[in-house]
Each structure stands twice: as structure tokens, then as C-alpha cells.
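Participant: Full structure from sequences and hints, please.
Chains as they are written, first to last, in the numbering used here: chain Z, 1 to 66; chain S, 1 to 818.
Keep in mind that the hints are not guaranteed to be accurate.
[Stated by the list, open to error] To give a feel for the contact side, a few chain Z residues facing chain S, derived at Cβ under 8 Å: (1) Asn-24; (2) Ala-59; (3) Gln-62.
[To be verified] Here are some, though not all, of the chain Z residues that point toward chain S, as calculated from beta-carbon distances under 10 Å: (4) Leu-38; (5) Asp-52; (6) Ser-53.
Worth flagging that the hints you see were computed from the coordinates, not collected in a lab.
All residues carry an ideal CB built from backbone N, CA and C; glycine is no exception.
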Amino acid sequence: MQFRERQQESPAENAGVPGPSEPNSQLDSIRAEGSAFLAAGNAIIDAALSGDSQAFLQANRQQGGQ
Amino acid sequence: MAERMMGLETEHGFYVEGLDIDQRGGVLEKVMRVARKRMVHLPACHGTGIFLANGSRFYIDTGAHPEFCTPEVDDPWQLVRYICAGDLILQRLAEETLVAEQTPEIVFHKCHVDYRDCSTWGCHENFAHRGSPNALPAQLIPHLASRLLICGAGGLDPHAHGIEFVLSPRACHLHGATCHSSTDSRGIYHFKDESLSCPGWSRLHLLCGESVMSHRAMLLKAGTTALVVAMIEGGLNPGVDVRLKMPIEAMRAFNADTTAGATGRLAAGGHMTALEIQRHYLEFAEAHLAHGCMPAWAAPLCRCWRETLDSLRRGIPAVDRMLDWAIKHSLYEERIRRRGITSQQLAFWNQVLRKFGTRRTEAPAAIPPLTAGCVLGAVETLRKFETSRSELGLAWEEVDNVLQLRAELCELEVRFSRLGPKGIFHALDRAGFLQHAVPEVTLASIEEATETPPARGRAGVRGALIRKLQGHGRYTADWSGVSDLAGRWINLSDPFPAGTPDWQPSFGEDTAGLHPARQLLERIERQYDSGEYEAAWSALNTLRQIRRQLPRPVMERTLQLTAWVQSRRGQPAEALQALDELAGGNSRDLEKVNDVISTLRFNGLVARPELMLPWVQQADELLAQSPEPPLSLRLAIPGHKAALLARTGSLAEARGMLVHAFTIGSTHNPQSRVLARNLCDLAELHRRLGDERSAEDCLERAGLIQISNRYEGDFAEFNLPRRARMIAGRAMAKSLLNQARLIQRRLGHRVGMVKTVLLQARLFPSLWHNQRRKRILLAWHRDLPMLRDCPLMNRIMAHWEDWVSGVRGEGDEDFWGM
Chain Z
1 MQFRERQQES PAENAGVPGP SEPNSQLDSI RAEGSAFLAA GNAIIDAALS
51 GDSQAFLQAN RQQGGQ
Chain S
1 MAERMMGLET EHGFYVEGLD IDQRGGVLEK VMRVARKRMV HLPACHGTGI
51 FLANGSRFYI DTGAHPEFCT PEVDDPWQLV RYICAGDLIL QRLAEETLVA
101 EQTPEIVFHK CHVDYRDCST WGCHENFAHR GSPNALPAQL IPHLASRLLI
151 CGAGGLDPHA HGIEFVLSPR ACHLHGATCH SSTDSRGIYH FKDESLSCPG
201 WSRLHLLCGE SVMSHRAMLL KAGTTALVVA MIEGGLNPGV DVRLKMPIEA
251 MRAFNADTTA GATGRLAAGG HMTALEIQRH YLEFAEAHLA HGCMPAWAAP
301 LCRCWRETLD SLRRGIPAVD RMLDWAIKHS LYEERIRRRG ITSQQLAFWN
351 QVLRKFGTRR TEAPAAIPPL TAGCVLGAVE TLRKFETSRS ELGLAWEEVD
401 NVLQLRAELC ELEVRFSRLG PKGIFHALDR AGFLQHAVPE VTLASIEEAT
451 ETPPARGRAG VRGALIRKLQ GHGRYTADWS GVSDLAGRWI NLSDPFPAGT
501 PDWQPSFGED TAGLHPARQL LERIERQYDS GEYEAAWSAL NTLRQIRRQL
551 PRPVMERTLQ LTAWVQSRRG QPAEALQALD ELAGGNSRDL EKVNDVISTL
601 RFNGLVARPE LMLPWVQQAD ELLAQSPEPP LSLRLAIPGH KAALLARTGS
651 LAEARGMLVH AFTIGSTHNP QSRVLARNLC DLAELHRRLG DERSAEDCLE
701 RAGLIQISNR YEGDFAEFNL PRRARMIAGR AMAKSLLNQA RLIQRRLGHR
751 VGMVKTVLLQ ARLFPSLWHN QRRKRILLAW HRDLPMLRDC PLMNRIMAHW
801 EDWVSGVRGE GDEDFWGM
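Facilitator: Quick look at the structure:
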């Protein structure tokens, strides 16, 4: 799959099956909430990441289980 | 309305800040020590770990993964509560271990793949049911393949060097539609059926899923699957119209697609998307809400299911605060955008990085991460992409940015599912950005579930008993009961007991044959006779773990069955080890000598005289000294001797021996499994001596015994292939071998399947099929010690072209002695 750029998408374009149309105000509201979510997500992720992901993955190696 | 029982096992990943994998060894022991000290519990009767007062189990599982098993619950909302309660318990244990044992910070997480070493570990779902296990796979697999859309954890394809998003990283580790093993060659549907309950109940054990953090995803994962199982149990055939022609291929297509546009080919023709398959199951369930097989909670679950599928139809933004994969997809997309990489550029880099192969092995440290230096050094490979690179205005050095980003996203995935407040999911949830909550699952109800067992079902009785009996040092617990040191037990094998059952007498006092060990032993014997070696091995493990606590006759029988089962599973070293332990220095016992000969005889594709001969001589001596040897040995030992004689070319002598044994057996025990096997061997000798009519007669008689007594493993291994060799009609022979393979596949008998596939390759050569067969055989050859050590197997694999083109073996043997 390919990641797409969020700001170029509308929800209907995103779905394989066309969905019911939504009023503009609802879309605007979804976009605004989406932006806030991504901003918060970025801040949380930046605080959580180690800064050296390769070293983290090396240290976090796991044995296979079931 | 029917009651359902379900539970979930979560193997957690963990790391310790500042410690590498090799330095973490003792940390989990410390966690267990703290758990034993701080928590109300009883030690597990079988195996390791402890059962807690909320009815759950905590232990360290394969691969040093701390595993939490929820108590059995009867609705999926309860299950979500107990999954979260398990997380909370584990997180608190980590914090308490830090203080009590002065360890560095221990971090538990619920990501089920290791992106560095490509290993995986499980999150297994369990559903008790009262239907036929055989009815499940065909009806259930389309649901399992398509439910990724609602309960995939989301992440990157662990086998790709690029940034390739998938709905379920765990699904990338599945290799087929079905499987018997949980540690290699995993498939969508797992055949394990260890009921842990009284007769009449089976347990579906699924390993294709993974942990999710969203409560809605947890609810739908368990609830929808339980409804599909209920409908199958009710004989409704919910999956009959959506059966997939190639399930694993369809699942891979669904997995790699977030637009819900990818389709899978249906067995009946046509194609369907994952969303359409899910909608089919939903509508089927809605149409049968009033059916007696459905649980009382089916209607609200269907409402949640419908709402989620409707949201999915509207695209990712409608679910990216609700479902794990969609939340991660949005977050990852944003990280990619922040790195200045466009979707077109990412597609280009993924295409380039695919040229550097896939990360397929699970061998630790065998796969160093791909570096920018490696990529830049592959000048020839990069040359093919020069035009595209130039059109996109990229520099090759920018690949470093992509590889760094990939590592960052892999780290993000681990930290996303971290337990406790520092986990990214929990932080987003606390900040109010997520919309994943489901009714009845609140902080207070989760807190309550850490201490209190479910109100309904046996887990409630178990939890109450644990609270009452803990601290005495005399009691142990198990899923199906509670025992004391004297061997008395409380039977909890009924999933829904009425009240607390009374204490039952110990093994020695048990005259009614109700003791769990005795029942288990009888089940294993039946499984061995019918060729269900994998199921028998699974049940044997339970007994083996406590064999030192068992009365001597049970312990000896456990070891003997271990030898038999391991021998037929292609693990001769473990079989012989069990026999050594059983003999305890005394190898002058006819029955034990016979067991050794059996193990050696089936250690490979053909009997090996050099290994068997000294033991057969010893058996002869003991047989001569024994005034009245058991009938079973009077049938088995001539069978082994005849196999030995046949291998050394004394066909007529071998035939005489089997005819004599048959006369004895048919008089005294005409339904014996060994008698039927001897008849199959006798048929082969008749065939080689040119008497095909007698050979056919022997196989027919053997078949009657094997079918009427359900000796299915022997029928598939010894009877059907011999008929196929003799039969003139090519189509019929092909059909017989296909029948053998189907039985062996259902039973999970890989050693038998090897023999059948070898015969198929020789009798019905086709370039395409034989390439596939060779790949399968090479994988089994690698996995099974018996095959690795078998000279004939090695010879066939080394001279594969000769084998498939029908070249005759030494001494003009038409099947090289097989």
C-alpha cells in the first residue's frame, strides 16, 4: 500500500467503496479535529521516541514465541 | 440463547531500559517472584506460573515472554475488561519489581513483531464450542482473513526494507490457510483442539490475531469471531458463500490495502473485498439473531459491528480515532510528511528497497539492518531506477532518510502499545483524542477486574477457591480444576458449573475412572491410535510436566506414550530419551525392548537394519524366555522382524512370519491396530513377490479394521499409499494419495505427509507440482530431525530428478526401498 498525503484527500476518495456524501461543515469539523489529533500525536510521539531508533530496536530485540 | 465461553492469551514483549537482550535473563524471574509475593494466587498445577484470584493465569511462556491469560468469560465486553485488567496487573508488577528488586525500568508492550530480528509472538484467542472442530475452518477462515479491517494492530510489513504499511504485522508471519504448529509455519486457522473441559466441549485456539489497544477493536475481534463460531455450531454455515479460493493470498491482499478496495477470489467464483466479506457475516448474524445458537449479547454486538463497518466505508478519517491500524496509519502518514517525503517518493523508495530482498528469517542476529551504505554500493541495482530518480528530483543519498524514518516508525509501533501512562496510545487516550471506548469498560470496572473473577462460569469458582485456599502451600490450580497435595481435586471441567463442586478422591482412590490424569491418559491413547499425534503430544505435555507427582503406573505410561508419539512426530531422540527414563537402567524388559525397536523402525522413511538388528536379537531371546508374552507383543515383534527381513531382501521369510502372526492375531484380537498394520506390510510383500491378488485382499481386510476402528493415521500412512502403488488406473491412484494427504493434513502428521508427497512426486510427476513439492519437502526436511538423519530422505533430496523421473534404486527397487 502507499501512504497518501492527508491534506489532498477527502474521506470519500479514501474509501474503496463510495460513501454517503457529508455536508461541508461536517467535513471541516472532521479536518479540524484531525489536525488537532495529529498535532497532539506528534508531540506525544516526539516525547516518547528515543532519538536513536536503530539502537532502540537493537536493545528491544525479542525471541520468537508462539 | 446459548452460552459462549471465551478467553485471550497475551504474550507480551518487554525491554529493560539500558539492558540488551542477553542481559535481561533474570528480570522476568524477578517479576514472577514479586507476583508470587504480592498477589493472591495458587501455583499452576501443570506447568509454570500462577493462577490469580480474578481467575486469570500469569506465567513465562516460550521465548521468555510474560503471558497473561484472561479468565474465561461469557461475553466480549467482559473480555475487554479482563484484557485491560491483565495489562494493569502487569504494569503494576513492573513498577513494584523496580522497587522491590531494584531493577532498571521494565517496559511491557503489546507489539507482536520484532522488526530487528523478524521474530513474532502471539496473542491467542480461545472459544469454547460444542460443535465439530472439522466444521470450523471452511466457515471461519474468510472471517479471519477479512477481520483485519476491524482488528488489525496496524504497522509496517516486518519483512520489507521499505515503509510498507499493513493492517496487521502479525499476519505477515502467516504462511498458509491452516496449521498445526504455533511456533513455525503458522497459518490462519490453528488445528489445536485441547478442550481443557469435560467431554462435549472443544476449544478453538486462534493464533492469527494480535493485541490491539482500542477497546472497540478488542470487542469486535472477540465478539464477531464468537458469533461466527456460534453460527457454525448451530449448523448455519455462515461462511459458505464467501469461501476464499486462496485464503492466505486473499489475506495478504487485504492486509496490504487500507482503502478496502483489494479483493480476494471466492471459491465459487467472483471476488469480494474484506469489507464485503465482513458485511456478509454481519448480515448473516443479524438475520439469525433469534436462532437458539446465538448468545444474548448478539444484538448489541451486531450494532457495534454495523456501526464500525459503516464508518470504514467512509474511509480512514472516520475510523482513525477508533481502530488501532487507522490511528497508526494517520500518525505514520504525518511523520512521513514531516520528513518531507511525498507519497510518490515513498512509492519510489519502496520499489527500490524491494530489490534488496525480504527479511524472511527469524534467526536472531542473522539479518543486519539494511544501511544506506549497502544501498548506495549496489550500483547495478540502482542503475535500473536512474530515470525515475532523476524525474522525481531525488538524490540516492536520501535513502538514508527513508531508512531512518522506517526505524523511527518501528520504534513508534513498540511505544504505541507500551503498557502504562507513557504508552503513546494511552497518552492520546488520556488527552481525549480517541473514540474507542465501549460500554461497561471503565477505569473502575477494569480496576475491579484485577481482583474479582467473572460472575458467571468456572472462572468465578476458581477465583473464589484461590482466594480461600491461597497461602497454605497445599493447593494448586489449573483451568479444569483445583488439586491438593494428596491428589484430591475439585473438578472444574464443566465451563458452567452449578455452584462449587465437591472434592473428588485422589488418583489411587479413584475407582470410577474420573480422575483428570486417568481421563487424559485415555484420551491420549485414543489420539495415538487414530493418528492424531500433534493433539496427543499437546495433551502429553500436560501430563509430562507433572509426571513426578503421578502414581508410578501413570508416569510409566506417560513416558511410553511420549516415546510412541515423538517417534511418529519425527523426533526420535526425544522418543529414545523417554524410553531411557522409562527403562531406568533395566533394558531387559520385552515391552521396553519392543518400544525401542518401534522407535528405531519408524525413525526415517524406511527401517534401518543396522540400528534395529541388536534390539531384535534381544527381543528374540526375551520372547523365547517368556512363558506367555502378551498378544500385542506377539503381533508387534514379528512385524518388526518382517520389516527387517524385507529390508535385507528375505521377502519370502518375511511373508511367512507375517502370515503366522496374522493367524494368531485374527483369532485373539481381530480388531488390533498392529494386526492391520502387519496386513499392510504383508500386502507389500505379496506385491513384491508378484502375488497382487493376495496383496489386494490384505489391504482390503486391513482397511476394514482401520476404518471401523478409526485408525486413520495408519490407514493414510500404510494402506492408501500401497493401494495407490498397485492400482492400474492413474486417476484412482491419484485420488487415493490425495485422500491420504488430506487425512494426514487434518491430523497434522507431517512424517506421513512426507511419504505421501514423495510418492505423489514419483508417480505423478509434473514440473510445476514437483517444484512446489520439493519446496515443501525441503522445509520439512529442515524442520524434522528424523528426516535430516534419514539416509534415504537425504538421497532422494540429493537426486531429486532421478526420483521424480522414475529411475530405479539399488537392487532394482522400484521405490528405492520406501
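Participant: Each hint: holds or not?
Facilitator: Hint check results:
no., hint, result
1, Asn-24, "14 Å, violated"
2, Ala-59, "6 Å, holds"
3, Gln-62, "4 Å, holds"
4, Leu-38, "5 Å, holds"
5, Asp-52, "9 Å, holds"
6, Ser-53, "4 Å, holds"
Violated hint for the displayed structure: number 1, the only one.
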